[in-house]
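S.K.: If you're matching them up, the sequences are chains A and B in order. Just so it is clear: in the first sequence, position 24 is 28 by my numbering, and no numbers are missing. Just so it is clear: in the second sequence, position 125 is 110 by my numbering, and no numbers are missing.
Careful: at least some of the hints might be erroneous.
Stated by the list, open to error - List time: in silico EDC-like cross-link candidates among lysine to aspartate or glutamate, alpha-carbon distance up to 20 Å:
{"no.": "1", "chain 1": "B", "residue 1": "K49", "chain 2": "B", "residue 2": "E4"}
{"no.": "2", "chain 1": "B", "residue 1": "K111", "chain 2": "B", "residue 2": "D135"}
{"no.": "3", "chain 1": "B", "residue 1": "K49", "chain 2": "A", "residue 2": "E44"}
{"no.": "4", "chain 1": "B", "residue 1": "K49", "chain 2": "A", "residue 2": "E54"}
{"no.": "5", "chain 1": "B", "residue 1": "K49", "chain 2": "A", "residue 2": "D86"}
{"no.": "6", "chain 1": "B", "residue 1": "K49", "chain 2": "A", "residue 2": "D98"}
{"no.": "7", "chain 1": "B", "residue 1": "K49", "chain 2": "A", "residue 2": "D96"}
{"no.": "8", "chain 1": "B", "residue 1": "K49", "chain 2": "A", "residue 2": "D17"}
{"no.": "9", "chain 1": "B", "residue 1": "K111", "chain 2": "B", "residue 2": "D80"}
{"no.": "10", "chain 1": "B", "residue 1": "K111", "chain 2": "B", "residue 2": "D85"}
{"no.": "11", "chain 1": "B", "residue 1": "K49", "chain 2": "B", "residue 2": "D67"}
{"no.": "12", "chain 1": "B", "residue 1": "K49", "chain 2": "B", "residue 2": "D135"}
{"no.": "13", "chain 1": "B", "residue 1": "K49", "chain 2": "B", "residue 2": "D117"}
{"no.": "14", "chain 1": "B", "residue 1": "K111", "chain 2": "B", "residue 2": "D86"}
{"no.": "15", "chain 1": "B", "residue 1": "K111", "chain 2": "B", "residue 2": "D151"}
Don't read these hints as lab results, they were simulated from the structure.
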Amino acid sequence: MLTSGRVDGVDPDIGLETQVTARSDGPLRTGVPVSSLAPELRTITALCAEPISVAEISARARLHLGVTRILVGDLRAAGYLDVHAREAARPDPDTILRVIRGLRAIS
Amino acid sequence: MVAGGFGVGKTTTVGAISEISPLTTEAVMTSAGVGVDDPGQATGKTTTTVAMDFGCVTIDRSLKLYLFGTPGQSRFGFMWDDLSHGALGALVVVDSSRLDDCYPAVDYFERARLPFVVAVNAFDGKLAHDLDEVRWALAIDERIPVVAFDARNRISVRDALLVLLDRALDDAVRGQTAQ
């Protein structure tokens, strides 16, 4: 079992929309190269070459969301991934204005 | 968040505006008879897999808007808690001939004080009830916008989202001045 049967204890920083990126120094830090990881963990790390959301990892790796969150947490703890922690508060007015401008540009 | 009952057009809404074709992620839900089972009886836990479709729109180089379509029934409320964290707001998609389906979502977002808009999907350009009737039937506060839109049409979805973002901006500005 990839998650060793864990179903809770998910890192609260890791939401669906949370952006994740692979660390270029990941394998150096732990000494275990990505190629030696379990296939699912390799897949996740490969998907994170560019910033990607946890939801996208789950969809593209065909892993359940809960499982994905646990594995991303494990890979983060082991130094393979950087997790761009979610903001605690609601989005601020400036961010909302950027989204409004971005959407208005859609035609 | 794009919330609504089964078959109401959530995935169509997400797909109309997303730059990627909607992806599906699955969450496992363990329900120990939430609100339906007789507590006097031994309730076996059942697990259900809930599919959630989502898409995204790149706003600029450092900002991406995600749209998550979530089931509208109250038993999926655990997902709303999770999703509403950090969310801009919710578009509650409604089929005007099946208003009851959206009631739990409306109720939830009201309590959670998350900005939301009721967006009535005009199937084939037709509404079974006009917007005032929808507002009345759902007992929606005057301040909550009720709009009609076409889930298949990108511009129509964009405009419904812009109404929501206006609400979100109002709330955010008011939140700042209150501090």
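S.K.: Output the indices of the hints that this structure fails to meet, ascending.
M.R.: Going through the list in order, the structure violates hints 3, 12, 13 and 15 and respects the others.
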